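**Q** Heads up: the sequence lines are chains U and E, in that order. Residue numbers for the first sequence follow the numbering used here, so the first one is -9 and each next one is one higher. Residue numbers for the second sequence follow the numbering used here, so the first one is -9 and each next one is one higher.
Worth flagging that the hints you see were computed from the coordinates, not collected in a lab. Fair warning: there could be bad hints in the mix.
No distinction is drawn between identical chains; accordingly, a pair holds when it is met within one copy or between any pair of copies.
[Said to hold, decoys possible] Simulated crosslink set (SDA-like; lysine to any residue; CA at most 25 Å straight-line): (1) LYS133 with ALA23; (2) LYS6 with GLU51; (3) LYS11 with ILE40; (4) LYS11 with GLY100; (5) LYS133 with ASN147; (6) LYS67 with VAL19; (7) LYS60 with GLN90; (8) LYS142 with ARG66; (9) LYS142 with GLY65; (10) LYS142 with ASP93.
In this text, all values refer to a predicted model and were calculated from it rather than measured experimentally.
Chain residues, written in single-letter form:
2 protein chains.
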Amino acid sequence: MSDKKMVDIIHRVGIKAPASKVYEALSTVEGIAGWWTRDTSGKSQIGKTIVVRFFSPDERELGSMTMEVKSLEPGRKVQWTFIAGPEEWIGTDATFDLQQEGDYTIVMFGHRNWREAVEFTAHCSMKWAMFMLSLKELIETGKGRPSPHDIKIDNWN
Amino acid sequence: MSDKKMVDIIHRVGIKAPASKVYEALSTVEGIAGWWTRDTSGKSQIGKTIVVRFFSPDERELGSMTMEVKSLEPGRKVQWTFIAGPEEWIGTDATFDLQQEGDYTIVMFGHRNWREAVEFTAHCSMKWAMFMLSLKELIETGKGRPSPHDIKIDNWN
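Could you build the full structure based on these sequences and the hints that come with them?
**A** Here's what the structure looks like:
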């Protein structure tokens, strides 16, 4: 189809905390388990993999992804490439770029290189926004909303 | 710049209500004031304009937009084109496509034809997600979170 175009999901959030705190929540398995999904395992080291599994509140497994850690720059950047999971995710990247602005650490989040914009892309865009909010709440209040306690947004979760 | 590409923000939400209820919240000034911003005025009729103004909790004006109503298909679709507001928004479209799936009305939201993906695009993507959540809450619980009571996500609001 000639009207296909590469698609990126991008979100900006500002978190009232030092970049080192935000980086910790993005660069460690324990950190990720605090905002994305409780069922996070693996090793957060360059070239190693992390597995995230998602459940509904009644413990039905909804899906899982495996990502390879591509970049870990303390206080500045975390990048993953998805190597297993939903077909649409394979080969896509998630990037978290951090920078300090006054009292805030700004997170520029991107989930890039979707092959096309499908309904699932729109679902994931909305879910990533909920998880970015969860990341912000985890760091600012000590309590995030990782799966299975994530905000449900449609009939696919 | 050769690597510029047209950019779309797309979000999917599912609301437990008939499409007619969701349509009402999108196609009337009173409805929009319940989830986007309290300060909504104008006429929701094809070819007419609606003005939305945003304030911080301490009543500082943060910005405003004017949109022309392009499409009103009861229970199915609402479309606006932005004709005044932030420079990046001029000429972009917001579209809400509705369809019933079981107990849910699925809203496929798109804010399309951004000229490029800038940091402000990422801010707006995150804000639209918060407002889609507000729309869902308005319809499911009777209480949305329109500006100035919207969820704040960074240092730009």
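**Q** Hint by hint, work out which the structure violates, then give me just those numbers in ascending order.
**A** Violated hints: none; all satisfied.
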